[in-house]
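Going down the list, the sequences are from chains A and B.
So the mapping is simple: my numbering equals the position in the first sequence, first residue as 1, plus 195.
So the mapping is simple: my numbering equals the position in the second sequence, first residue as 1, plus 195.
Since the hints were derived computationally from the structure, they do not count as laboratory data.
The structure displayed is predicted, hence computed values, not measured ones.
Be a bit skeptical, because a hint or two may be false.
Said to hold, decoys possible - Covered stretches of chain B (chain A as the covering partner; in silico rule of three or more C-beta atoms under 8 Å from a C-beta of chain A):
no., segment
1, 239-246
2, 288-300
3, 398-408
4, 469-480
As the list claims (entries may be wrong) - 30 Å max Cα-Cα, derived DSS-like pairs, lysine-lysine:
no., chain 1, residue 1, chain 2, residue 2
5, A, Lys299, B, Lys396
6, A, Lys396, B, Lys396
7, B, Lys350, B, Lys396
8, B, Lys212, A, Lys396
9, A, Lys219, A, Lys493
10, B, Lys459, A, Lys459
11, A, Lys239, A, Lys228
12, B, Lys461, B, Lys493
13, B, Lys459, B, Lys239
To be verified - If you anchor each label on the Cβ, the simulated ranges turn out as follows:
no., chain 1, residue 1, chain 2, residue 2, range
14, A, Asp324, B, Leu222, 45 to 51 Å
15, B, Leu475, A, Glu220, 23 to 29 Å
16, B, Glu454, A, Met310, 26 to 32 Å
17, B, Thr447, A, Gly353, 34 to 40 Å
18, B, Gly313, A, Tyr340, 24 to 30 Å
19, A, Leu475, B, Lys219, 54 to 60 Å
20, A, Lys212, B, Ser380, 45 to 51 Å
21, B, Gly445, A, Asp324, 43 to 49 Å
22, B, Tyr345, A, Phe343, 49 to 55 Å
23, A, Leu211, B, Lys239, 50 to 56 Å
In this text, a Cβ means the ideal position worked out from N, Cα and C, and glycines have one as well.
2 protein chains.
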Amino acid sequence: MQTFSLAIHGGAGTILKKHMTADKENLYRAGLKQSLEVGYSILKNGGSAIDAVLAAVTELENNELFNAGKGSVFTNTGTHEMDASIMDGGNLGAGAVGAVRSVKNPIQLAHQVMMHSGHVFLGGEGAIDFARQQGFEMMPDDYFYSDFRYDQWQKVKGSDTFHLDHDTPDDKKFGTVGAVALDASGNLAAATSTGGMTNKKFGRIGDTPVIGSGTYAKNSTCAISCTGNGEVFLRTVAAYDVSALMEYRGMTLNDAMHEVVMNKLKPMDGDGGMIGIDSLGNCSLQFNSAGMYRAYRKSDGTSEIAIF
Amino acid sequence: MQTFSLAIHGGAGTILKKHMTADKENLYRAGLKQSLEVGYSILKNGGSAIDAVLAAVTELENNELFNAGKGSVFTNTGTHEMDASIMDGGNLGAGAVGAVRSVKNPIQLAHQVMMHSGHVFLGGEGAIDFARQQGFEMMPDDYFYSDFRYDQWQKVKGSDTFHLDHDTPDDKKFGTVGAVALDASGNLAAATSTGGMTNKKFGRIGDTPVIGSGTYAKNSTCAISCTGNGEVFLRTVAAYDVSALMEYRGMTLNDAMHEVVMNKLKPMDGDGGMIGIDSLGNCSLQFNSAGMYRAYRKSDGTSEIAIF
């Protein structure tokens, strides 16, 4: 039997056990499990890595616990602006969307950009026009509303403060979701999606929609999805750097991710982490912050769901 | 005396001698020379690499011959949407703007993003709000108007066709401008700016504003500015890949750029080129298309201005 595996994350940051009730923890674990099972079943039935990461991230986008899709945070004008990207390690195909509103599943839109736009990266109103042309479901604002996201926003509204979701004092929710997969045909894929920063303004774009920084996949090396302080992930080209260390230095996935997360990102205050899978199906889930919502399942029978 | 050097480009593509009159060629050469001299004089007077690339790209943005700033092409709605990015190799500081309108010098705005926004990448209306807050000069639409750009647009308007500037049949103008520099203190910097694609829609973002793809700088390796088929430069993380090949494989600047331009970009139809400078002041200007508007000048007295 060919090896296959899937790993997912629901964001990283100052996730502390002392701020987490047993009920909340169970909800997060259930959300991760749901996403993991949906994606893994696709791989188990011979589906592609792209379809698996797409399905896994869609599940996380539909879960209001995570800051992506339905659970996206509020911008400084009370809207929800989402970013997402996806990459196919087989042909280096890639799709990304930045600052899209109203789209239920930004990761599905990124996938359609990859498949049908002739481009890699679409932003703002133009990306929404493309979504409409592709027949995407547009959701009313209240689909993205939740009391806790609204409360998060009210605490910093009117100030110049913006918060990465995971930097909110009470650590209610966290910043990004993502998935990486190896399918039984040897294809790698990666996908990442986010609702951005609470009270963000100026059309800030983080690493999530940027191929090479937030998302990268190449069959000969690895698939990577990142979460954290996006500006530092952009400046270090974090996702592609793991691939380059493997390809050019011969490092293992685990060692390359350690080098980037601990020795490159951390000294630059690049708090966060990343998940990766290599061409043999090895999974690595690393972070330099207190916690990262994460899970993996491999065809050898091993699996884990963890937070702290 | 410490070594310093500057290289610039004004876009790459199917630039053919047979389509170029002597007068046109002289105008392009004069534009490149003007940019080169302004940037080089800053380095010669002990100025920083960042200030040199900023000044050189500003000159090219102000020259209507080049597709950036004043010379930007028309989008499918008759507007001008510009992208730019800048990176400081000394501290890996970076700034980028995507899909900005009305701003006279997008590269100056990218620089302000790097210095004062707390972010790396701002897009669309948000980036324009930031520009206003920073006191940027906003130009009326007619500042960006020229007969030849308008004619270019009319030829494809109403169709689903979009053109990279350098793919227009008559090769009137070309796609991107950029600069890389090493200053006498050993700092590297890179800057890139573009007016995008004629008749573009859907808010397409190319490689120009993406750190790692269109622009990258790191003192220990190189400064790179790219021009060409942006989607492929995004998928290959082209600019950072040169740095990675130097750092992890020990390749020279010239060999690393050759590997990326000829062996990675070209097989994926990534037509175009890039300019680079390493920490010793070596310059390399490479392209896999028919031509690239380019020039360099080094403190050892060597210099060149070339097109084909």
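Hint numbers not upheld by this structure, sorted from lowest to highest: 1, 4, 8, 13, 14, 15, 17
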